[in-house]
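If you read the protein sequences in the order shown, they are chains A and B. For the first sequence, this note's numbering gives the first residue as 2, with consecutive numbering after it. For the second sequence, this note's numbering gives the first residue as 9, with consecutive numbering after it.
The hints are simulated quantities; they were obtained by calculation from the structure and are not laboratory data. A few of these clues could be false.
Per label pair, the in silico range of CB-to-CB distance [stated by the list, open to error]: (1) B:V75 <-> A:K280: 17 to 27 Å; (2) B:M419 <-> A:E167: 45 to 55 Å; (3) A:A44 <-> B:S106: 17 to 27 Å; (4) B:A180 <-> A:G138: 52 to 62 Å; (5) A:E167 <-> B:T389: 47 to 57 Å; (6) B:V452 <-> A:L303: 14 to 24 Å; (7) A:S326 <-> B:Q455: 49 to 59 Å; (8) A:G138 <-> B:L16: 34 to 44 Å; (9) A:E95 <-> B:G477: 44 to 54 Å; (10) B:G477 <-> A:S59: 22 to 32 Å; (11) B:L498 <-> A:L43: 51 to 61 Å.
In silico BS3-like pairs for lysine-lysine, Cα to Cα no more than 30 Å straight-line [stated by the list, open to error]: (12) B:K446 <-> B:K479; (13) A:K197 <-> A:K280; (14) A:K280 <-> B:K391; (15) A:K100 <-> A:K280; (16) A:K166 <-> A:K197; (17) A:K166 <-> B:K391.
Each residue gets a CB set at the ideal place from its N, CA and C atoms; glycine is no exception.
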Amino acid sequence: MPNHERHEIESLYGRIGRREFLRLWGRPGIAALALGAVGAALAGRAGRHRPAAPAQVSAPPDWRVRAEPILAASNGQGPSVNVRRVIAELGGIERFVGKGESVLIKPNCGWDRLPEQAANTDPELVAELVRMCLAAGASRVIVADNTCQDPARCFRRSGIGPAAKEAGARIVHQGTSDSASLDLGGTVLGVWPVLKALAEADRVINVPVVKQHSLAVATLGMKNWLGVLLGSRARLHQRIHQSVAELGAALRPTLTVIDATRILTGGGPTGGSLALVRKADAIAISTDPVAADAWGAEQLRLGPMALPYLAIAERLGLGTSNWRSILRQA
Amino acid sequence: MRPTARHLRIVVQAAVLVGFLVLVWLLAEPRVRGEAASVLLAVDPLTAIGTALADWTVPRWAWIGFVILALTAVTGRFFCGWICPLGTLQQLVSRIASPRRRLLLERNRYRRWFAIKYVVLAVLLASAALGLMHIGWLDPISLLHRTMASAVRPLWHGGLSPGGWVSFALVAAILLLSAWMPRLFCRAVCPLGALLGLFARLAPIGIRRDAAACNECKLCLIPCQGADEPLGEHRVSECHLCLNCLYSCPENGLGFGVRAQPAAGAKEPSLDVGRRRFLLATVATIAITPVLRVSGGGLSASTADAIRPPGALDEGAFLARCITCGACVAACPTGALLPDLGHTGVDGLFTPVLVPRRGWCEPSCTRCGEVCPTGAIAAVTAKAKQAINGPAEVTIGTAFVDRGRCLPWAMDTPCIVCEEMCPTSPKAVWLETVHAVKRDGSEVRLQRPHVEPELCTGCGLCENRCPVGEKAAIRVSSVGESRDPRNRLLQRPGAVTSPA
């Protein structure tokens, strides 16, 4: 800068000393440097994606008890008596539920329907199972389902909510439960979020109702597992038979209770019209989920070969579709 | 400290505010009767006058509002100072933000532009008389209720929406402005306050000033809520009756009782609007209103994605009655109802629409009609909206399969979720079984969905559960809704055909 210019500036603004300079520019300078440092530290991170902390993934527990494959059935006595007689025939609930164990009961409670419409498991049956488990010394009994419609309404109008609560159980559904991640393995499943209560239970009793289903042909025990899954379970329908069989392989219940008190013969799984309902007043319980589903199919006048997922399940070694070979009539 | 009327006022304000919040949550609680959960909406005389002008009906329990209006003609705007929860919130904010006392002296003086609220009232009432109900945009009860229902409650229960966000932004702006000037909204904008102000001018009872005792210390201005100048020419139309001035006067010169009547020849302080301006605002509104009805106000056919709650009146009557309080939005158990922004034109702003990707209309549920205070959504029976053993009486739309997106139609991939979910009996979604040959030559058995429009209720459960992400492959649109004969799909035998 030529001298005369510098003089001109100094004469206009006065000479700025070091102290004065720091007083003027110190704080903004520090702020600018700090901002620059933050910017430099973050530069280049924009495109970098920090993955969410991986969820705790565990293998599903095995809820079976040591017992021979056996299926018992009873009919014509109403759900409460039927289920008591079948359980007695199997050797009593104490064989399956120990003192201090927590039990999860999985009915089909997916729909905002009344008991007479047979879209859900019979509430009296669920309540009776709850009472038996508690009498056997279970520390707590949870009745759980991820419903397809408004959960409050499904539990209330199916009668399962009030009946199970009165019997001493706690209700768990997608609106009240946390999720846990289970590695269900298989070729189509992999890691799925499930109702957390399932992952925490010591014993699990699967209590489906017998219903016609347009894709799965019939929805029974192994199909009922879709009701513990959270997440986008609607995609499983693209390979439904493989999915249902693999769910059966991943989730091994203590007992499968097939509710054929009322059977939904068409318009499943929702039903609606009472003309679609047939009263059979029958219940079967098995330690073998394949045999249980085969018995259920029989109630719809379907042989085991009508259900492709039963054949896959048999191939996977989950049980026998020849339920007559292990039957005990109660 | 001796309890005073001021303490009583604070207790009442707190109780109403808490009650207001609790009731918004109880809207979704089936054990509480719907009309009880929306009872506080009935204290608002402005929405009642609005629906009376627009539709010749008044909301349920509107007599409560009219009693409040009558009491206002006796004792002034006690509603503003004692009851209105939006007023309470503003008072709370301005107290916390508390401008300095010296500033408050200035801020709490009356300003001529406070008269804007009378113009707002004139505009809203004139448009209501033409069937365009926009009172809920600015009515403090509707505005706050809608904000709680569609912006605050969703923080716990999910379901945030653009319409809820805009309402929230409005309330947030009102509260922030009150930090600058106490109750700015009440003083200058609130149409309900304006209505009550007009009636308050008739009131024989109010703040009474002993002119001889006044030494012009101005201390009464500091806590004043209405900026009604208790120390000079008291403006009774602006006074919120908060009674703060009574307890701030060191000379005990202010009291509550029969007001001194203006001296012979003198009049009440003017409203600062002027008859001409009032008239101009009204005439301008009447001129503009038809243009604002860009969606036709239901006079033309409904828009495709304006799916209304079950039992909603036909679009014209619905828009005339809906005060956009958001009660139905909070009450919907599946979170399907959202305050609209953009689908139904300016006249449908904040009115409820059902968005099936958010939720569906539960066939056995009639809650939205039960909580609706104005009957814009008529109460229907669950039986009427369930298609069991035949078509439903009340339908809200029709589902259409998008064959270009549907897995079995377009991708040769098995899927039946829409049919599985369909809650009618027989199912409105039915499956056609085909054996298709895939690209690699393999054969695949597919069940392709079709919709039987006669049976479809438009509940949207199929669209909600369709596994094809963001934009479902089966979607509901409003055609076929039972409320509007012009928006019908099928020629049903014996059906009333379109009048137009």
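Okay, the hints, checked on the actual structure:
no., hint, verdict
1, B:V75 <-> A:K280: 17 to 27 Å, "57 Å, violated"
2, B:M419 <-> A:E167: 45 to 55 Å, "48 Å, holds"
3, A:A44 <-> B:S106: 17 to 27 Å, "43 Å, violated"
4, B:A180 <-> A:G138: 52 to 62 Å, "56 Å, holds"
5, A:E167 <-> B:T389: 47 to 57 Å, "28 Å, violated"
6, B:V452 <-> A:L303: 14 to 24 Å, "22 Å, holds"
7, A:S326 <-> B:Q455: 49 to 59 Å, "34 Å, violated"
8, A:G138 <-> B:L16: 34 to 44 Å, "58 Å, violated"
9, A:E95 <-> B:G477: 44 to 54 Å, "48 Å, holds"
10, B:G477 <-> A:S59: 22 to 32 Å, "28 Å, holds"
11, B:L498 <-> A:L43: 51 to 61 Å, "60 Å, holds"
12, B:K446 <-> B:K479, "25 Å, holds"
13, A:K197 <-> A:K280, "35 Å, violated"
14, A:K280 <-> B:K391, "24 Å, holds"
15, A:K100 <-> A:K280, "36 Å, violated"
16, A:K166 <-> A:K197, "19 Å, holds"
17, A:K166 <-> B:K391, "28 Å, holds"
Hint compliance for this structure: hints 1, 3, 5, 7, 8, 13, 15 are broken, all remaining hints hold.
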